[in-house]
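Novice: Chain G is already provided as a structure; the job is to place chain D on it using the hints.
Protein chains in written order, with UniProt numbering: chain G, 1 to 543; chain D, 1 to 543.
Hints are computed from structural coordinates only; laboratory data are not their basis. One should not assume that every hint holds.
[Claimed, not checked] To list a few chain D residues with every Cβ distance to chain G over 12 Å, as calculated: (1) Pro-17; (2) Gly-24; (3) Pro-26; (4) Gly-45; (5) Asp-101; (6) Arg-104; (7) Ala-110; (8) Gly-121; (9) Asp-239; (10) Gly-385; (11) Pro-386; (12) Gly-516; (13) Gly-519; (14) Ala-525.
[What the hints assert, rightly or not] Pair ranges (Cβ atoms, derived): (15) G:Ala-374 to D:Glu-512: 23 to 31 Å; (16) G:Pro-193 to D:Thr-382: 42 to 50 Å; (17) D:Glu-517 to G:Glu-512: 37 to 45 Å; (18) D:Glu-135 to G:Asp-109: 55 to 63 Å; (19) D:Ala-378 to G:Pro-532: 51 to 59 Å.
[What the hints assert, rightly or not] Chain G residues, not near chain D, derived (Cβ > 10 Å throughout): (20) Pro-26; (21) Lys-37; (22) Arg-108; (23) Arg-214; (24) Arg-257; (25) Glu-363; (26) Ala-379; (27) Pro-383; (28) Arg-441; (29) Pro-458.
For glycine and all other residues, C-beta sits at the position ideal for the given N, C-alpha and C.
There are 2 protein chains.
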Amino acid sequence: MAPETTQTGRAALPLPPMKWDAWGDPELAKPLSDDIKGLLAAALGVSGGDGERLTADQVVLTPSRLAKEDAEALAAAVGAEWLSTADADRLPRAGGKSTPDLLRRRSRDAQDAPDAVLLPGTEEEIAAVLALCAERRIAVVPFGGGTSVVGGVDPERGPFTAVLSLDLRRFDRLHELDEVSGEAVLGAGVTGPRAEELLGERGWELGHFPQSFRYATIGGFAATRSSGQDSAGHGRFDDMVSGLRVVTPAGTLDLGRAPASAAGPDLRELFLGSEGVLGIITAVRLRVHRKPESTVYGAWSFPDFATGAAALRAVEQQGTGPTVIRLSDEAETAINLAMTDKIGGTTVTGGCLAVTLFEGAAEHTVFRDEATAAVLAAAGGTPLGPDPATAWEHGRFNAPYLRDALLDAGALCETLETATGWANLPVLKAAVTEALQSALRESGTESLVMCHISHVYPTGASLYFTVVAAQRGDALAQWAGAKRAACDAIMANGGTITHHHAVGADHRPWLEQEIGELGVRILRAVKETVDPAGILNPGKLIP
Amino acid sequence: MAPETTQTGRAALPLPPMKWDAWGDPELAKPLSDDIKGLLAAALGVSGGDGERLTADQVVLTPSRLAKEDAEALAAAVGAEWLSTADADRLPRAGGKSTPDLLRRRSRDAQDAPDAVLLPGTEEEIAAVLALCAERRIAVVPFGGGTSVVGGVDPERGPFTAVLSLDLRRFDRLHELDEVSGEAVLGAGVTGPRAEELLGERGWELGHFPQSFRYATIGGFAATRSSGQDSAGHGRFDDMVSGLRVVTPAGTLDLGRAPASAAGPDLRELFLGSEGVLGIITAVRLRVHRKPESTVYGAWSFPDFATGAAALRAVEQQGTGPTVIRLSDEAETAINLAMTDKIGGTTVTGGCLAVTLFEGAAEHTVFRDEATAAVLAAAGGTPLGPDPATAWEHGRFNAPYLRDALLDAGALCETLETATGWANLPVLKAAVTEALQSALRESGTESLVMCHISHVYPTGASLYFTVVAAQRGDALAQWAGAKRAACDAIMANGGTITHHHAVGADHRPWLEQEIGELGVRILRAVKETVDPAGILNPGKLIP
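One chain only, chain G, in its complex shape:
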C-alpha cells in the first residue's frame, strides 16, 4: 500500500495529546482577566502585541522532502498505515512547547516540520527504520509527548536529506509489575496519566509529577532526566529507573540487572539524559510503590527567601521525609503563583510561602509531618494550615496555561531552571535574576522575575525562575537575548545549565562549559559507537 503523501488534509495517524500551538488541553485554557491585563500594562508596559494565533489551516509548512522511494521503504518497514507526510500529522510534531516554539507557531512564514511521521510498533521495526535511515541519510527525531521546552524535538535535518518524527506512542503497555520487588516495566510511549492508571488498577503508583505530567511520556522522562514535584519523597525520574531498553543503529541494549551494582561504569546513566541522540528508549523498568494510605498537607510563611531556604535545607539534611517541599520567593508569593487558581486575586501575600506534603502509612506520615514542622518552626517559619498546600496541589499542572494567555496579551513569559549547592544558592539566584532583568531592560521592558525551590537534596536545591515582561520588537530575538544572559550567569556562578529541562538545542552551547572539552569528546565517542551515521536527533545535546 502506498503511503499517505498529501501535504495537507486530515491526519492519518493518532495525534499527540497536546494542542499544537499551545500548552495542553484547549478546554483548560483561561483568558487573562481585565484586572491582570491592567496590571501588566501598568507595571511592565504590556500592550496588545501582534501575537494572535493562527488556525491550523492558516499555517504553511515547508513541504515534505521525503523522497517517494524512501517513504515506500519506510512504509514497508512499519506498515503504510503508520507513516504519514500529511501536514495535519507533521504540524503537531513540529516542535516542543518552549515560548520560542509557541511564538514560531504564530508565524505566517513557512514553518519547519518533520518531513514525515512514523509510528513503529516494535523494537524490530525501530531497528529496521534506523537501518534504512542510516543507509538513506535520513535524520530521526524521537517523539514522546512533545513537551520539550529546550528544542529537544526540533525537526533539524543536520546534513541529511530529510527528517522523520519517530513517535513512540504505540509503545503503550505495562509490560510487567513485580509486586514483591516494587518494579514495573512500562513502554516508552506511556504518558504520565496512563502510567498511573495502569499501575493504579493494581493498587500501585509511580508518583512522578512534573508539570508536563499530563502529556509527557515514560521514554521522554528518561531521555531528559525529568524531575517531578514529589522528588523529595520519590526521587527524580532517573533515581526511579532500574533498567532501560534502548534501540540504537548499532544494536539494542538491555541495561540494569540489579538494584545496585559495582560492575563498572553505570551505562544506564549514559542513556538517561541521552535525549534521543544515542538511541531510542523503548521500555523503562521503574521503582514503583503502593498507593499511599494517607496524605498530610502543610504550609508555612517565612519572612524572606534566605530564611525559608535555610529551613528547607534543615529539613532535607535532617531527613525528616516530606514527599513534597517547595518554597516560593517574595515575588512569586506576592502574586500567588504557587496557587495558580488564585493569581490575580486582590490579596497580596507577604513573605515567602512554603508548602509541604507527606504521603505514606498513616502513622509514619503524621510523624514525618510533625518532625518536619518542628524543624520549620525552629528555622523561623509560621504555620499557615493546610489550605495553601491543597490549593497548590489543585493547580499544580496549570501554570503553563497562563503563558499562552500572557503571550496572547502581548507579554513575554518563560521559565528556566538550574541547581547548585545550598551555600551557593543566594549567589546564583541573585545573578540569574539580575541577568534576566538587565537583558530585558536593554530590550526596552521592565520584567518580573520570580523564583522557587521545588527540588531539594541534602547538598543543594533547584532554582526555578518564571519571567514575565512586555514583548518588544521581535519577541523571539528578545527572549533569545534574555535566555543567553541567564545561561551565561548560571555558568559563571556555579549552577548547572539545567536541573530538569534537559539540554536539547537551546542549552547545547553551554554543555562544554558544564562537562569540559574532554567530556564532550567522550560523548562524541559514545555517539560514534552507537550511531555511526549520526542520524539520531542531530543538533541536540552534544556540541
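Specialist: Frame of chain G; chain D shown alone:
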C-alpha cells in the same frame, strides 16, 4: 638524582597500611582455637595443608623490567625520592587481598610484582607520568589501599614493556568542607579512618564503612563503587559522590556541578566504577553529615531466611529509615559469623539473626527504631535486645582476619557477592549456594556456604556469601573452579556479577553478559578516547 634501582633491601617509600601477605594489621590476627580446628576437620575434612607463610625475605619477585632511562625520566617527573624499584616497595603492591592473592603470596616460585612504584604528589605530575608512560609504552596500575579482592591491582603488563604501581597516598588532604551544603572534597589517597579523623575534627562524618574501611581509600571507593555497612542510611559510596576530578592521558576532567542535573548523560557514572582503566581519580566531592547525636541498636530473630528477607523488604519499602540493617541466614547465624568475636563459642543459635542500627537526632532515631520494630515484629521477628547489634558493630571489620587463620589451617575461605530484586532473591541464593557446593564437592570437599543481606534497596538487596571448605590439591585452581561456577550461576539466575567488590581481573569474563556486547563496545570507545595508548590498568574491567 638517580632513582633507587636495587632489587632488594629496605623500602624507599612509605608503605601501604596493610600487611603484604595477609589482611590488615598483624597485631589483630588471631589463630584458630583447637575447638574450631577440630570442627573444621570433622565437618569439612580440613587438615594441615601446605599453606605456611613465607617471610618477606623469602619471597622471590620477578626482577624489575623498568629500563634505566625510563626510570630516570619518571624520577625526573615526580622527584627521585618518590620512585622505587626496590623489592620491599614492590612486594606490598604486588596484588590485592583476595584468597587467590593470599595463596599466591605463599608461593616459593618467583612472584609477579610491579616493576616500579611511583608516588606522584600533584595532578600535574600524574599527567606528566601518563604522558611519559604512553610514549614509552609502560602500563600504569593506580594503587590506593590495596584491598581489592577481584585482582583490581594485579601488575599486568598487557602489551607493554613494564608496569608501574602509581600509589595515590600523597593525595591525602581534606581540600574543602562546606558546612552549609554538607559537602567535603577529599584527596583520593585519604584512607577511611583518616577521612573520619579529618572530618571528625570539625564535627562531621562521611559514614562509609565497608569491611575494607581501615585500609581502603577515597579514590578506591569511587573507582570500585564501594558500598558500606551503613548503606541503608547513607547510601552506597557512589550515591555520596557529587563530584570527581580525574586525570587521564587525554586531559583532566572535573565532573559534577550541582546536586542534580539534567545536562545530558551523567559522566560521573562513567568514572565511578572505572577501576583505574579510564583515568586516575585524584579528588572526590562527597556528601557528608554532622556526627549523629544518638545511636539506637536492635537485634531480631527470624524463623528462617525467607521470613527475615520479607521483613527487611517491608522495612525498606515502607522507608522507616534504619542506618544499618542486616540479616544472616541460618548457616551464618549458627556459627555466629555476624559477631566475629563469638565465633567458636559453644552456643549454636537457631533461626536467622538480623541487626539494626539507627543514627541521627535523638527523637528522630527513637521514632525510626520504633517504626522499624513494628514492621519487623509484624513480619514475624522476635526482638533480642541490643546486644547482638553492639557485638556486630564491635567486630564489624574483623572477619577478614579469620580467613588468614583458616588458610593457615589448610581451609579454603573466600567471599563473593551479588544483588537482585526481592522477588528473585531466594532463586539466586539457592542457585549460587548449590553451584559453590557442587563445584567444591567435585574438588573433593564438603563446604559450608553462608550468606547474609547487608545492603537493602526498595526494589532488592545484596547477597554476600562466605564459603569455607578444605583445601584439596592446587588450592588456586580449586577455588577458581568454585568461583567460576558461582559466577555462572549468578549470571544464569539474574544477579549482577558484583554488588560492591567491582570487576577487576576476576569478574571481567562475565562483564559482557552483564552489559551486552554493545555495552562493551561503548566502554572500549570511551577507553580509546581517554587512554588511546591503552596504558591504564590493562587486563581489568573491560573485556
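Novice: Would the non-interface assignment of Arg-108 (chain G) survive a Cβ cutoff of 10 Å against chain D?
Specialist: holds, 34 Å
Novice: Mind verifying the non-interface call on Arg-441 (chain G)? Its CB should be farther than 10 Å from each CB in chain D.
Specialist: holds, 28 Å
Novice: Does the claim that Lys-37 (chain G) lies outside the interface with chain D hold up, using a Cβ gap greater than 10 Å?
Specialist: holds, 35 Å
Novice: Taking the closest pair, is the beta carbon of Gly-121 (chain D) still more than 12 Å from chain G?
Specialist: The claim stands: Gly-121 (chain D) keeps its Cβ more than 12 Å from every Cβ of chain G (closest is about 23 Å).
Novice: Is the nearest Cβ of chain D still more than 10 Å from the Cβ of Pro-26 (chain G)?
Specialist: holds, 29 Å
Novice: Could you check that no beta carbon of chain G comes within 12 Å of the beta carbon of Asp-101 (chain D)?
Specialist: holds, 18 Å
Novice: Determine whether the non-interface label on Arg-214 (chain G) survives the test: each CB of chain D must be over 10 Å from its CB.
Specialist: The assertion about Arg-214 (chain G) holds, with a minimum of 20 Å to chain D.
Novice: Is the nearest CB of chain G more than 12 Å from the CB of Gly-45 (chain D)?
Specialist: holds, 34 Å
Novice: Would the least Cβ to Cβ distance between Ala-110 (chain D) and chain G come out above 12 Å?
Specialist: holds, 32 Å
Novice: Between Glu-135 (chain D) and Asp-109 (chain G), is the Cβ distance one that fits in 55 to 63 Å?
Specialist: holds, 57 Å
Novice: Beyond 10 Å from chain D, beta-carbon-wise, is Glu-363 (chain G)?
Specialist: violated, 7 Å
Novice: How does the Cβ-Cβ distance of Pro-193 (chain G) and Thr-382 (chain D) compare with 42 to 50 Å: does it lie in that range?
Specialist: With Cβ atoms ~45 Å apart, the hint holds.
Checked against the numbered hints given earlier, this structure breaks hints 9, 12, 13, 14, 15, 17, 24, 25, 29; the rest are met.
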